[in-house]
Amino acid sequence: MKLPLTYNIRSVFVRWRATLATVLCTALVVAVYVVIQSLAVGLEKSSGNTGDPRNLLVVRRGATAESTSQITAEQYRIIRYVQGIERDSSGLPLASSDLSLVINVPRAGGGEANAIVRGVSPLGAVLRPQVQLTKGRWFTPGKREVVVSERLAARLAGMQIGESFKTGPVTLSVVGHFNGNRSAFDSEIWMDANEARSIFDRENYSSVLLRPESNPARERIVSQLENDKRFKLRALPEVDYYQEQIGAVKLIKILGSFLATTMSIGAVFAAMNTMYAAVGARTREIGTLRVLGYRRKSILAGFLIEGALLAFFGGVLGCIFSLIFNGWSVGTLSFETFSETVFDFRITPMLIAQGLAFSVVVGLVGSLLPAIRAARLPVISALKAT
Amino acid sequence: MSLAGFIVKNALRNKRRSFLTAGSVAISLFLFVTLQVAIREMTIPPEDVGASLRIAVRNKISLANTLPARQLTVISRMPGVAAVTPFSFFGGKFKDDDSLGFAQFAVDPEKFLQLFGEAKIPADQLEDWRRARDSCIVGKDTAKRYGLKVGDRVTLVGTIFPVDLELRIAGIYEGTIDDTNMWFHHRYLDEAMNNWGRVGMWWLRAENAEVVPDLLRRINAAFANTSAEVRAETERAFQMSFVSMWGNISLLINSICTVVVFTLALVTASTMSMAIRERFRELAVLKALGFRRHQLVACILAESFGLAFAGAIVGVGGAAILFSSGKFAFFPVFELTPRIAGLAFLIGGFLGVISMLAPAWSVSRMSVVEGLRTLD
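Those sequence lines, one after another, are chains A and B. Position 314 of the first sequence, counted from 1, bears residue number 314 in this note's numbering, the numbering being contiguous throughout. Position 227 of the second sequence, counted from 1, bears residue number 227 in this note's numbering, the numbering being contiguous throughout.
Check before you lean on any hint, since a few could be wrong.
Unchecked claim - Simulated pairs of lysine to aspartate or glutamate, EDC-like, Cα-Cα distance not exceeding 20 Å:
id	chain 1	residue 1	chain 2	residue 2
1	A	384	B	278
2	A	166	B	229
3	A	166	B	233
4	A	232	B	166
Since the hints were made in silico from the structure, they are not lab data. The model shown is predicted, which means the values in this text are computed figures rather than measured ones.
Using the sequences and the accompanying hints, generate a full structural model.
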């Protein structure tokens with residue numbers, strides 16, 4: 001005979017004071033777990049969301065990031081006129097040589113941040129339809145003008161339209177803001193590529209972004225560039241490149257699992273305490289149930305369900321807490337580019353499910369020993385208990 | 001039975017609960033200590049001896065921009081400069097490490113010891129390194145981790161530089177705050193790069209601490225309005241410039257610490273009140289026997305404080321043992337400072353006090369009759 005579920009639910013709330021502490025404790029543990037994992041998800045999404053699937057990115061072989069890659073002007077001329085690159089309406093090949101580099105800029109509210117400056121060729125924006133100008137206008141080459149991601153601008157000082165900032169001996173003025181549509185471009189400052197080369201004293205470009213006209217053309221271009229003995233180049237889909245740029249994700253995930261494991265031990269202890277106390281206080285009740293004909297198995301199952309329910313309520317509460325963070329924008333150091341990366345906490349249904357499952361596990365583990373004890377209580381002495 | 005004996009007996013009457021309570025305090029304080037140490041590592045980089053005299057000079061635009069090698073003549077001639085070396089981070093990949101396992105720097109070996117004098121290395125190995133242009137020295141931690149010996153040849157695949165370098169290990173050093181780095185000849189890098197005429201940055205040592213502020217100003221001024229403006233700063237300031245790059249991460253970790261401590265308070269307080277409620281009747285009997293209110297409260301306080309503190313000892317002590325074994329290779333020094341340990345104990349003690357407040361309040365308020373009637 002199974003104990004009715006309502007019995008379990010009501011038992012959980014009878015001793016609400018002790019229960020409340022355990023529920024809150026589980027809630028906090030689950031919240032911490034979900035929030036940290038949501039950071040990893042946010043960073044992954046931001047990297048995974050970057051780039052146009054039609055594009056190929058060409059970088060120096062061996063470079064771990066665009067900013068450490070070098071493409072000479074001569075290489076660019078050759079790459080640009082490789083067969084099979086799509087042409088724009090005026091007949092120019094859809095290819096853009098970019099310069100990506102890191103500059104120090106003051107952070108809003110003190111301190112300094114590293115920010116990526118991307119020098120783009122005129123077709124750079126066409127090749128990246130994700131980037132949309134939201135305010136102001138695009139930069140005019142040669143006029144020391146930049147456009148800044150609006151989300152990066154919010155984190156840095158002197159990046160509003162009309163303001164200007166100094167880097168080395170040069171003063172750059174902000175003439176527009178763009179929205180990178182939650183991609184890695186949200187962490188960038190854009191200006192003209194050749195102007196950036198002269199300002200920052202760079203002979204070479206960092207990368208070339210191009211759009212093959214078809215899939216066979218794409219494969220031909222990749223093999224042609226990678227096999228050319230004259231230059232050590234690597235051509236890969238733009239989206240693949242950005243998906244590789246997630247070294248920090250690993251670290252956040254390690255931090256998250258470490259915290260979750262350690263804190264869950266604490267939560268298990270709390271649940272155990274509560275459940276032992278519940279068993280202790282309800283000894284006579286358990287005896288009565290046994291006399292009424294409920295089997296040891298049912299008692300065991302009953303207490304396990306109670307523990308799981310208890311923690312599940314905590315889990316639900318924890319997920320609700322964590323939802324407060326959903327969509328908040330944060331910035332931290334990217335390990336690949338060594339610069340400020342802006343991304344969001346992303347709480348997905350998958351994470352919520354994980355958090356809830358996690359809480360149930362905590363509840364089951366915490367209530368296992370107390371439940372066994374309850375099931376093993378000898379009937380007679382249990383009935384005599386005070 | 002003495003009063004102390006009575007308290008201990010009481011604390012241990014439900015051994016399981018006492019263990020669970022002290023255990024959750026221990027785990028949470030362990031977590032707290034670990035996070036605090038991590039955040040300290042991130043925000044207050046370890047300081048080497050001799051750091052106060054060292055000056056880092058880098059491109060004003062950012063660390064990722066190089067400087068022209070010709071600046072050397074200007075800097076080395078400045079009064080107050082004891083030694084100056086080019087300093088380039090090579091960032092090479094060693095073996096199949098998917099991440100950069102250790103840092104490699106190109107420097108001038110003649111100046112290396114004048115700048116980083118705390119490194120200890122046998123004289124013959126040092127001599128060998130100085131003479132052989134393709135040789136390097138490596139810190140003992142890295143040597144141990146990869147099983148490298150003097151005489152081994154290693155190949156570094158350049159990620160920042162478009163060249164691969166083959167180096168022979170001339171010596172193994174120790175004694176610096178971070179014995180993981182590899183040092184090799186800047187001239188060797190220059191050759192591989194076809195004498196590119198650039199360096200990553202300059203490191204120099206001032207003759208004495210008094211000249212440092214003035215020297216910084218003079219270096220900055222010397223290159224103002226050139227194509228490569230520089231920023232000269234003390235080693236400390238240079239390290240601190242990395243700190244703000246972590247962005248919101250330190251804030252995040254600090255908030256987690258707060259949550260951990262709060263959770264802990266919740267758990268301990270609830271168990272303590274559970275423990276007291278359970279023996280309400282007993283306490284009423286004691287009251288009836290003539291024990292005064294403050295004596296009962298003292299008993300409860302001693303018990304809860306004792307449990308929390310025992311937990312703190314286990315948690316903080318465990319962390320101290322774990323960190324001293326050097327298991328946390330990710331950070332160069334994972335050091336449990338007295339300050340952090342003290343803070344953790346303080347929190348432990350504070351918890352002991354807070355968690356007895358509610359039970360003590362109800363005990364001191366209860367009337368004997370009421371207490372004797374309590375069933376739970």
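So, going through the hints one by one against the coordinates:
For the proposed pair residue 384(A) and residue 278(B), the alpha carbon gap of about 18 Å is at most 20 Å, so the pair holds. Taking the CA atoms of residue 166(A) and residue 229(B), the gap is near 12 Å; set against the 20 Å cutoff, the hint holds. The hinted pair formed by residue 166(A) and residue 233(B) meets the criterion: a straight-line CA distance of about 19 Å does not exceed 20 Å. Note on residue 232(A) and residue 166(B): the hinted pairing holds, with a Cα-Cα distance of about 19 Å set against a maximum of 20 Å.
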